[in-house]
Structures are given as structure tokens and as C-alpha cells.
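Chain L is already provided as a structure; the job is to place chains E, H and V with the ligands on it using the hints.
Chains as they are written, first to last, in the numbering used here: chain L, 1 to 477; chain E, 1001 to 1477; chain H, 2001 to 2156; chain V, 3001 to 3156.
Be aware that one or more of the hints could be misleading.
Unchecked claim - DEER-style ranges, computed between Cβ atoms: (1) P42(L) / E2132(H): 54 to 62 Å; (2) N1269(E) / Q350(L): 27 to 35 Å; (3) G355(L) / E2053(H): 50 to 58 Å; (4) P42(L) / D3108(V): 35 to 43 Å; (5) D1432(E) / E3132(V): 36 to 44 Å; (6) S2089(H) / D391(L): 32 to 40 Å; (7) E2132(H) / E1052(E): 32 to 40 Å; (8) D2107(H) / Q1443(E): 18 to 26 Å; (9) P1473(E) / S24(L): 53 to 61 Å; (10) D2107(H) / D1112(E): 40 to 48 Å; (11) D3093(V) / D1010(E): 54 to 62 Å; (12) D2126(H) / D55(L): 38 to 46 Å; (13) S24(L) / G2082(H): 23 to 31 Å; (14) T113(L) / A2136(H): 32 to 40 Å.
These are computed hints drawn from the structure, not numbers from a lab.
Note that the structure is predicted; figures quoted are calculated from it, not measured.
C-beta atoms are modelled at their ideal positions from N, C-alpha and C, and glycine is treated no differently.
Now for the letters of each chain:
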Amino acid sequence: MIRDERISADELRRIDDEIRSNWSTGDAVDFEEAIDYHESLPPKKRFADVLESADKPLLQPRAGVPRLDDQVELLEYLHGEGKADLLPTTIDSYTRDNEYEKAQEGLEKARDTGEDTLNGFPAVNHGVEGCRELIDAIDAPIEVRHGTPDARLLAAITFAGGFQSFEGGPISYNIPYTKRHGLEETIEKWQFVDRIAGAYTERGVRINREPFGPLTGTLVPPSIAIAIMLVEGKLAATQGVRSITLGYGQVGNIVQDVAALNALKKLGNEYLPDEVVVTTVFHEWMGGFPPDEARANGVISLGGMTASIAQPDKVITKSPQEFQGVPTKEANSAGLRTTRQVIDMAIEQQIDIDGIEEEQDLIERETRCLMDTIFEHGDGDVVQGTIQAFDSGALDVPFAPSDSAAGAVLPARDDDGRVRIFEWADLAMDDDIKEIHKARLSQRADTEGRDQSFRMVADDVDAISDGKLIGRPQGGA
Amino acid sequence: MIRDERISADELRRIDDEIRSNWSTGDAVDFEEAIDYHESLPPKKRFADVLESADKPLLQPRAGVPRLDDQVELLEYLHGEGKADLLPTTIDSYTRDNEYEKAQEGLEKARDTGEDTLNGFPAVNHGVEGCRELIDAIDAPIEVRHGTPDARLLAAITFAGGFQSFEGGPISYNIPYTKRHGLEETIEKWQFVDRIAGAYTERGVRINREPFGPLTGTLVPPSIAIAIMLVEGKLAATQGVRSITLGYGQVGNIVQDVAALNALKKLGNEYLPDEVVVTTVFHEWMGGFPPDEARANGVISLGGMTASIAQPDKVITKSPQEFQGVPTKEANSAGLRTTRQVIDMAIEQQIDIDGIEEEQDLIERETRCLMDTIFEHGDGDVVQGTIQAFDSGALDVPFAPSDSAAGAVLPARDDDGRVRIFEWADLAMDDDIKEIHKARLSQRADTEGRDQSFRMVADDVDAISDGKLIGRPQGGA
Amino acid sequence: MSRCPIDPGTMSQTVVLGVIGSDAHVVGITILEQAFDAAGFDVINLGVQTSQEEFAEAALEHDAAAVLVSSLYGHAEQDCQGFHETLESADIDATTYIGGNLAVGQDDFEETRATFEALGFDRVFDSETDTEEAVAALTRDLRQQTPETERATISS
Amino acid sequence: MSRCPIDPGTMSQTVVLGVIGSDAHVVGITILEQAFDAAGFDVINLGVQTSQEEFAEAALEHDAAAVLVSSLYGHAEQDCQGFHETLESADIDATTYIGGNLAVGQDDFEETRATFEALGFDRVFDSETDTEEAVAALTRDLRQQTPETERATISS
Ligand code: B12
Ligand code: B12
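Next comes chain L alone, as it looks inside the complex:
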């Protein structure tokens, strides 16, 4: 039975050998040589150090194209023109499915036609050498961003290739990203990913790990996201990771977002071992965007505004073309610069908004309920607890496409635009907390003169892309 325990050295070696044989480029991974390579990197390419020592929120976009030279050009542009502090390399969907063969076809087609036939950078296919060419070319730290349930080979190759930060985790890259992977399976696979990150860490190469906070990106109640961040942070710490960036996706209500980021930071430090350096990342609105670049800029700016108040360590920016498809490099840089301008104009201002402590307190209490249920379900073991809690529905994520989550919890905004829970299903939560949500939601229902229903949820899902925060009935209230 899988538990929250460190993978043994033997086991690590065995799995490592095994997964490296999954694709031809696996052979080139040599841990000792990789350590040398990392040590040769200048300080400004060391992800954890750059992030942890920053004195204001660092900005990072999302970006990945199939061909290496295009990826270099893209990242250079985002760094130069977009003034990104940290850079990403987003991996294509075939690689996420471990379909390296299909990724290879896509890559070759991209090379032949010059078109972007993959929706990201197939790092496994590019191999250790390809990755290092990218790391060498770019004058800033780069993170691997993906959405891969089984990211073992991707991690082995990209870490050896010089990347020092790796997004994802066994829940956050399972529940929102895939239907059929069991949680037990993804946890086991991510223990390996974390273990190699830990192995590098022990040799002085601190690989930064970043659980994916936004989950399904769609009205996720803060406490659910935070609980999952804490679990993934704990699992990573057990495997020896020492630089962990907990994530959170903007819901659009400033008070709730600031409160959530505060709670994330506080509980992160509380629940994770002392030897871990905990940082936070704020994702600009991850749900459906307006089909209009001008309005999208407003959404992005509201994110910047929130970041300037909450001051997370990092902000993942969106582009004004988010609605349409993968953005051009110009649009991607524009999203960075719009965010930067808002943050830089607002960050020196003292903006203390009423009610943040109260909301933070609520979020913390909710999160503790969820953490308690996890520990109880696992009899103290967080791995078993997570698996069982998802199984019983005591832990759940709204709009989860995965068979591993009930996906029965339904969120809706209250009259102030804060995300509350409308349908609890089996989510483990104290009754007094449920009452608070209920009261807030019935206040909204009153304002709108309609019943709470799935229709309200659907309206909230569309609201921001339709230009509002709250999905009020049209022509109503």
C-alpha cells in the first residue's frame, strides 16, 4: 500500500532505469554529469534562488512551441520585450499523454512545414541536449509547465537538461487534466518526480516544485485549492524537495483573492516542514476569458491589481488573446507589460481593504476541515488520506473531468462575487461553515429574485467572459 514515505535509493534507481527506456532520448540522462551542468549555470538561471530572493512579485507567462529555435526566439522575446522575470516552457499534449511517438510526428511535421502542429514544446523528444540548448540560450530561469499525469520521463530529461523548476503534482495534474488515471497511480509517479527533484536538491541543486493551484480554473473555492496545495507540498517535501511554490488561481473578487493568498502562505508555512522554503504563485484568471482583447486586458489588470495588494512571490500572466487560442508572442508580452504597469503603479500604495482577515479566517477554517478529513481518512498518512477522501467525496474539485474525483461539488458566487459552495455533496465541512455559505448564497438569490440552481452556476461560469463578475439573470437586478 502506497504511503507518504520517501522512495528508497534502490527503488529510485530501478524506476529511473525503467522509465528512461521508454523513449530513445532517455539514455542521455546522466545524474552526475547533470549536477555538473547545473553547477555551471550562472546565479541568474537558478530558479529557486531568483524566486526566493525577489523583493516584489516576479512575472512569468505561459509559452511553448514545438521547434527548439522557435522556442528560443519566443522566450527571448518574452524576456526582452515582455520583460518576464521567469520563463516557462509549456509542453505539448501528446507528451502529456506519454505519446512520444505522436509528439515526434508532430515535431517533424512542424520542422517540415514551419507550422505549429503541436500545442507545446515536446521536451522528451528534444532530449537532454535540446533542453540545454534552450537553457544556455536564455538569460533567465525557466520552468517546465505541462499537465502530465505520468511526468517521470519528462522530469528526468528536463532536470538533466538544466531546468530547475517543474510544475504539477499528483492531484493537480490528474483531477483537472485527465479522465482515467487513478490517484494512487499518479501519486506513485509523482513521488518519483519529487524524489529526483529531491536527489538534485541533496546535491545542492535546489529544484523548485510548483503544484498547480488553479485546478480546473473554474470557480474553485479557495479552501479546496489550498488543501490540495498543502497535500502536494507535503508529498514533495517528503521526497526531499526544499523549494516549493504553492499556487492559487484568481477568482476575481479582490478581498477573497487576497485572503486566499494570505491563507495559502500562512498554512503552507504551517503544514510544510520547516526546512522547506515556501513561496506562492498567483495565476491571473484561469477560467473562460472574454472574446475581446480590450476586455481581456481589463481581466488581466484586475489580476495585476490583486497581485499588487497580496504580493505573492510570482504571478503567472495571461494574454489578451487567451480566449481565442495560443497567443502570439506580441500578445503574450502585452499581457506581461499590462500586468507590470498595474503592479508597479499600485504596489507602493498602502491599500488595506476591510474584511480580508475575516475572509482569510473563513478560508483557513475550511482548509483545516479538509486537511483534518484527509488525515482522518488516511489514519495520519496523507497519501492514503487523499486517495480515500477523494474516493468518499470528502475531498472534491468542481468541474473535475477525472473519474478519480466525484466532481459533485458545485460553486456559485455570492452577492459580493466571492466563490461559495452551492452543492456540497459529500465534501467534509463543518456545519457552521456550510451555514455561512448558504446564507451568502441565499442573499444573492434574493437580490436576483430566483432560486439557486445549476443555471446560476452556468451563468457564473460565463460571467467574466460576458463582461461581469457575477452571472446575474439578464435584465435582472
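Just chains E, H and V with the ligands, lined up with the frame of chain L:
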């Protein structure tokens, strides 16, 4: 000696006859017939009613091109694509100088070449008929926006032409807009403008008047702007105007901007007669913009954010192309939609920021000092008081190009980014208030490790276009 | 708000719905499911990451009148190669729609529409599609195929 | 911050500065005045809404080495017609610069530069110009015109 007294009916007729002979189109003005025309307009074209009955901030852009059909097309676009609630017609610079001959040349050149050889719509040259074609074509209220020291003919023609809102005032369209016009002269001329607006008002056609709050647009301390708004509001009220929209230009510090808008509303209601309906307008940042549309969108959004908290009756939007030159209609609409998205996402949220009351209190006290000095200088008469107070420097506007203002007052931002006064010159202000400013500014000087100097002022002037709010020394603090 | 379900006619109107390929964007089909359901259709929601074969099986099993394919992540074109052949070889003659973000990057939708029509889809929807629009279109399309009742043609 | 004034040379270096036409944008020249002053020039600031004749009179009176024209409001081209003829007829042979927002609307700066060079200006600056840039350019231009001292040519 000119005083704050209503122009007599005889006098009104005399001046009216005189100014209408200044340009050929003046003949077509017929007051009685104009009243009929206004009465024929549908409710949605009645500026004052639409503005005063709105339940959230209405958006209005700036826009003016020389040719009538182009202006119709432009306003239709801003209404349709930009979703502007209220529309503008910005007048060209020759008309502002009463150089109707030159405006005519420009207009003819524009008609011949299709190029925009004037920086606005020469309404006097288009005449009553031309104006009405525009009013008839556009399905929303339209305001005349200009910057004309002697706007008598412009007012006579545009009011007869169906416009129901008119920007400007004797101080706000003198001090920032012209060098050589004396205040006594512009007050006399604007008394006439206000008097015709009053004459229409008495006949049931409530012409809305909007003093230009931003003044020089460059770090204007709120109390100076508000005092001038109160004076211009009072002058208009004396001439019978009953719908007055007091303006204020964003300084970029949210607390100070919200406090200023609150103070403007409160003092407006206090200082203006009860029979006047006072509304407020917030101008998005009127100083130098960043030379980058993406960053400009950030500036615009911060304005939207501020508006969503302060909830003025109207917001004048900027476009992302503000830096470069007169914006394309697409960019102008984009500015509207970005603002709209931010306001609509934030306006239903309860955002109570600490310190607003305190800042509002300070602004009110400062404004009262200035109003007191005006009344004292004029022995109770606000016209004489204003003239004398500007003359003595007791009332002043920073960066005033006009010979009628000392232009000796210098603003600088404090450590929180609020605009304070660094050089008081002869401005009438209680010592304890001066001490507060001094303390705030020396706190900033300490943070930056440099002396207060004109260099700091210059850095603040450039700061927003350089991407920050406060002009810190580079590489410093 | 009052709901006005559009009467889809008398015969059983089963709609099979799913996200194709390895795409996991579930929110769109969740909303679509609710809309078709509210309009009176029987909806079989296969969820995300559905293969061509799974679409075919479900359509056959439920005698579906329509198969609605969703794709958001940018690989729709690859994922739909041979989709209609798969349906045909199972003797399925359902109305087929596809919708979502059908191309990688900032593409022109008219080109995209042509591509997917060439692949055999009866209608192609972009991601700005209102659910009501899709429901109305399907209601019309299915009525026109109902021979037993006489109906005035509704222009599309 | 330490200030490093660029020594403009030994001879009197008077600079006449103003905003032409009926333009009232004063902030730019206020900043320029301060920058040229800090760099050691004698600055005569004529302020806003200055006519061609006023520029010529001031240049003559102060034996100006340079005349700096600013325009922001979009009518620069009309306002500067015949400007250099006005200077010439007063026998003024000063270096002339123009800067600011020189065209109405969203124009291409290279075209604008050509237009104003054709009108006779020695240098044309856009509104992104840093004051230091303008000071450095004028310092160079004036040095090159100083025959009594030998100087290495600084490439522009
Ligand atoms: C939320 C979101 C996510 C969530 C999804 C959570 C989940 N499991 O559902 C997360 C964060 C996990 C995610 C992941 C990814 N995403 Co995503 N995501 C979005 C986002 C922001 C919103 C999608 C959404 O939920 N919209 C709300 C719903 C209600 O609208 P909808 O899905 O468009 O559906 C409506 C219409 O399209 C239409 N419709 C849809 N299907 C059909 C079918 C028919 C027949 C009809 C008639 C109509 C119809 O009706 C629906 C209801 O109104 C979009 C961008 C956007 N639109 O703003 C990107 C977007 C779709 N994602 C994108 C990408 C690239 C990815 C990733 C590949 C990369 C990554 N960054 O990790 C992964 C893919 C993982 C995978 N295996 O699928 C791209 C797709 C690019 C392209 N097509 O060119 C987009 C456009 C973002 C972008 N600009 O880059 N994503
Ligand atoms: C503040 C402002 C105003 C204030 C001016 C107050 C005052 N009296 O100074 C007010 C509100 C009154 C105003 C009025 C108008 N304005 Co105005 N204004 C601006 C704004 C926002 C900032 C200008 C500024 O102060 N910048 C800060 C200073 C430090 O920079 P600067 O002026 O550019 O100067 C620097 C450089 O350009 C350069 N430079 C300038 N001159 C020279 C000369 C030389 C030789 C050199 C080397 C360098 C140089 O160095 C300077 C210092 O760094 C600009 C848009 C922008 N830039 O963001 C519009 C702008 C200049 N205004 C514009 C217009 C159209 C007007 C009006 C005609 C219309 C109106 N809306 O009422 C009136 C004109 C009235 C008149 N008679 O002049 C347009 C001009 C359009 C064009 N050229 O195509 C602009 C670009 C706005 C826009 N996008 O439409 N304005």
C-alpha cells in the same frame, strides 16, 4: 467691475447679437426654434436626464474629426463597438482660438484630401444645421468638449444645434489652455455661455455644464482642482445652470482619488445652490502616458478600478494610444471596453479601503482654505475673489502655462504616491496642513536618500509613462 | 428567469456528447449537457478524452440522432481524422456537430469551418457559440429530417 | 542621484525654447528648460503659444546658438510653415530643433522626420525623447560649429 451676478436679459441679447456676427453661421441661431428642436429630441438624447438617472458610472470617450460624416461614423462606432454611454464631440484647436477662417481652410482641405488636417470638429463652421445632422444621426447624448477661452459663439451654435452638454469654464479652459487671456476676460465670456445655458434651462431644456476638472492634467493636487470646480459651478449656477458635472482627473493613488471624488461630491452639494443637480466626472489619468499600448492599458485599468470604488456619475476614458496621438476609433473603443470590464467586474464588490476618510478630510480642509481665501479676496464675491486670489498667488495651478496664474506651486508625490505640495509659493493654506505635506514629502526624501528638488518633480512627471507611480531615482530605493 | 425549452419533436432525440482525443476541457460540455437536457433532449455525456470508437459505440447503443463533438485544446484536426469513417463503418447516420477552439493559435474561423466541414461535420461552431444557438440549430436540423410530420421549413 | 552636466564649451550657449502656434502644452518645455539649464546652457523659455516672430525676436536679442521648438497638439506642420524663412530674414543662423508630437494621429515617425527636415529643422525629435538625448545632441552639434577649438568629431 465684473461680479458674480446674472447677466441681464438686455445684455444677453446684445452680446448674443454681437457674437453671432463673428462668423457667417451665427445667423442661423434662433433661440425659439432651437427650443422646439430640443423638445423634439427623444429622452435618450437628453444629456442631463440620462446622466443624472444612471445607476452606475457612464462611460464617455474623447473624439473629434473635421468632417461631419466622419464624425457621425466615429461616434456611431464608439457607441456601437465601444459601448460608450455618452458621446463627445471634441472641437479643433483653431476654433478654440476663434480662428474660424483657419478652421474653414482646414475643413476644406480635409474635405478635399480626406485627411484629418484639424485636430477636432469645427462646430462653428459646420453651423447649426451641421450640428443637428450629427445629433439626429447618433442615438445617445453628445457633449461639446473643447478648451476654448472665448466659447460664446461655439456655445450659441452648438446649443442651437442640439448639443445638451458643454465642457469648460472660465478658469479651467483658461489656465491650462492658453497663455494670454486674462481671467477677468474669460469669466465675462463664460458668464455669457452659462447664461445661454441658463436661458435654455429656464425653458425646460436643461443644458448640462461640465467644468474641466483635470486642469493641466499633471500632478494637480486634489484640493486645487476641487476649489476651481466649486468656483466654476457657482458661476454657472448664478447664470441659471441647473445641471452641473464637477470633474476630477485621476492622480493614480487609489485612496487619494477615491477621497477626492468623495470630497468633490460632498463639497459640490454644499457649496452649490440646492436647485442645482450636482454630478461628478472622473477622468482617467490625464498626464503623460506610457509609449506602449500594453502598459497604457494598465494605466486605463487602474482608472477603471478607482471608478468602480468611487462610483462617480461619469468616467472619461483614455485610449491605449494616448501617448502617440489622436487615437484610431478602434483604440478609442478598446479603452472604453477595458474600462467597462474592470468596472463591471469590480463594482459589485465591497471594497472599503482604510484611510479614505482621513484623506478626504484633509482634502476638504485644504479646499476650504482655498475657498475661504477666494471669498476673502473678493469680499464675498467669488468672481472678484478668484481674480484677486490668482493675482496674489493665493490660488494657483501647477504647470499653468497661463500668464493669469503664477504657476509657482509645485507638486510631488509622497512615499505612498499621493500628490502633495512641495513648493507652496503663495498658495493660501493653513500651516498645520503645510506641515502634513512637508512630513509626507520628507518621508519620501528619506526613503530615497535624496533632497526634495525640482528633479523629484520632474521624475514624478515622467513616472507613469516610465511604468511607475512614483519617480524614484533609478537604481535607488 | 423563465426557461422556454424548444420542443424537439415527438420521436426520441438522443444526443451523444463528448470531448474528443486527449482533451480534458470539461466545462463547455457540462454547460452544453445542461442546455440540451433543459431543451428536452436525452443527453449521453461521454465526458472528456473520448475516442472515436467510444463515440461510435455510444451512438450505436443509444440510437443517437446526433453526435456532438467538443474540442478545446487545439488538436481537433488530428483527433477527427477518420471520425466519420468510424461512424459509417458502424452504420451510424447521425447529425454531427463539432465546436470549441478548433485550431491552435489565432486562426481565421472561416478556414477552420471549411476544414471541419471537409472532414464531414454537418455544422461547425466556434467558441463564442451560445448554447441556445446550438440547441436551436439541432432542433431545426432534426425536424427537417423527420419525414412523418409536415413542417414549414425554417430558414437557417 | 549625482548630476553630470555636459560642459557645453566656453562660448555663450544661449538656447531659445518655446511651444509654437496656439499649442499650450507646457510640461515638456518645463522639463526641457530644467535639463538644458542643468547642463549649463542659458535658456530663454518663451513658454507656450509662441509665434514665429517671437521666436525670431528672442533669438536675435539673445544671440541664440540654438532655437528649440516644441509642439504637441498636432498642428506643428501648419505652424512651422515659413519658420526658417522668418529666421533667415532676421539674419539668424542658429541650430534649430523641433520635438514633441508632431503629427495628428498615429503616424509613422520617419515620415514625420522627413517632413520637418524638409522644413529646415536640423534635428527632429519624437515624444519619446529623453531630455539627456536632446542635451547631448545639442552639445555635439554646437561643438562641431565651434571653429576656435580643435575637437575630435563625435559621430552622431
Ligand atoms: C479552463 C481552461 C483550462 C482548464 C480546464 C479544466 C477542465 N478540465 O475543464 C485547465 C487549466 C486544466 C486547462 C488546461 C489546458 N488548456 Co485550457 N483553457 C481553459 C480556458 C481558460 C477556459 C475554457 C473554459 O472552460 N471555458 C468556459 C466554457 C463554458 O466555454 P468553452 O469551453 O469554450 O465551451 C463553450 C463553447 O466553446 C461551445 N462549445 C464547446 N464545445 C462545443 C461543441 C459543440 C458541438 C458546440 C455546438 C459548441 C461547443 O459551447 C460551450 C458552452 O458555452 C480556455 C481559454 C478561454 N476560452 O478562455 C483555455 C484553452 C482552451 N486551453 C488551452 C490549452 C492549450 C490548454 C492546455 C493544452 C495547455 C495548458 N496550458 O496546460 C491544457 C490541456 C489539457 C488537456 N489535456 O486538455 C488553449 C487552447 C489553444 C487552442 N485551441 O489553440 C486555450 C484556448 C487557452 C489559450 N489561449 O492558450 N485549460
Ligand atoms: C497633459 C496633456 C494635456 C494637458 C496640457 C496641460 C498643459 N498646459 O501643459 C491638457 C489637458 C490641457 C491638454 C490639452 C490638449 N491636448 Co493634450 N495631452 C496631454 C498629454 C496627456 C501629456 C503631455 C505631457 O505633459 N507629457 C509629459 C511631458 C514631460 O512630455 P512631452 O510633452 O511629450 O515632452 C517631452 C518630449 O515630447 C520631448 N519634447 C517635447 N518638445 C520638444 C522639443 C524639442 C526640441 C525636443 C528636443 C524634445 C521635445 O521632450 C519632453 C520632455 O521629456 C498628451 C499625451 C501623452 N503624451 O501622454 C496629450 C496630447 C499631446 N494632447 C493632445 C491634444 C489633441 C490636446 C488638445 C488639442 C485636445 C484636447 N483634448 O483638449 C488640447 C490642446 C490645447 C492647446 N491649445 O494646446 C494630443 C495631441 C495629438 C497629436 N499630436 O496627434 C495628445 C498626444 C493626446 C492624444 N493622444 O490625443 N493636453
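Status of the hints after comparison with the structure:
| no. | hint | result |
| --- | --- | --- |
| 1 | P42(L) / E2132(H): 54 to 62 Å | holds (56 Å) |
| 2 | N1269(E) / Q350(L): 27 to 35 Å | holds (29 Å) |
| 3 | G355(L) / E2053(H): 50 to 58 Å | holds (53 Å) |
| 4 | P42(L) / D3108(V): 35 to 43 Å | holds (40 Å) |
| 5 | D1432(E) / E3132(V): 36 to 44 Å | holds (40 Å) |
| 6 | S2089(H) / D391(L): 32 to 40 Å | holds (38 Å) |
| 7 | E2132(H) / E1052(E): 32 to 40 Å | holds (36 Å) |
| 8 | D2107(H) / Q1443(E): 18 to 26 Å | violated (54 Å) |
| 9 | P1473(E) / S24(L): 53 to 61 Å | holds (55 Å) |
| 10 | D2107(H) / D1112(E): 40 to 48 Å | holds (42 Å) |
| 11 | D3093(V) / D1010(E): 54 to 62 Å | holds (58 Å) |
| 12 | D2126(H) / D55(L): 38 to 46 Å | holds (44 Å) |
| 13 | S24(L) / G2082(H): 23 to 31 Å | holds (28 Å) |
| 14 | T113(L) / A2136(H): 32 to 40 Å | holds (38 Å) |
In the structure shown, a violation is registered for the earlier hint numbered 8 alone.
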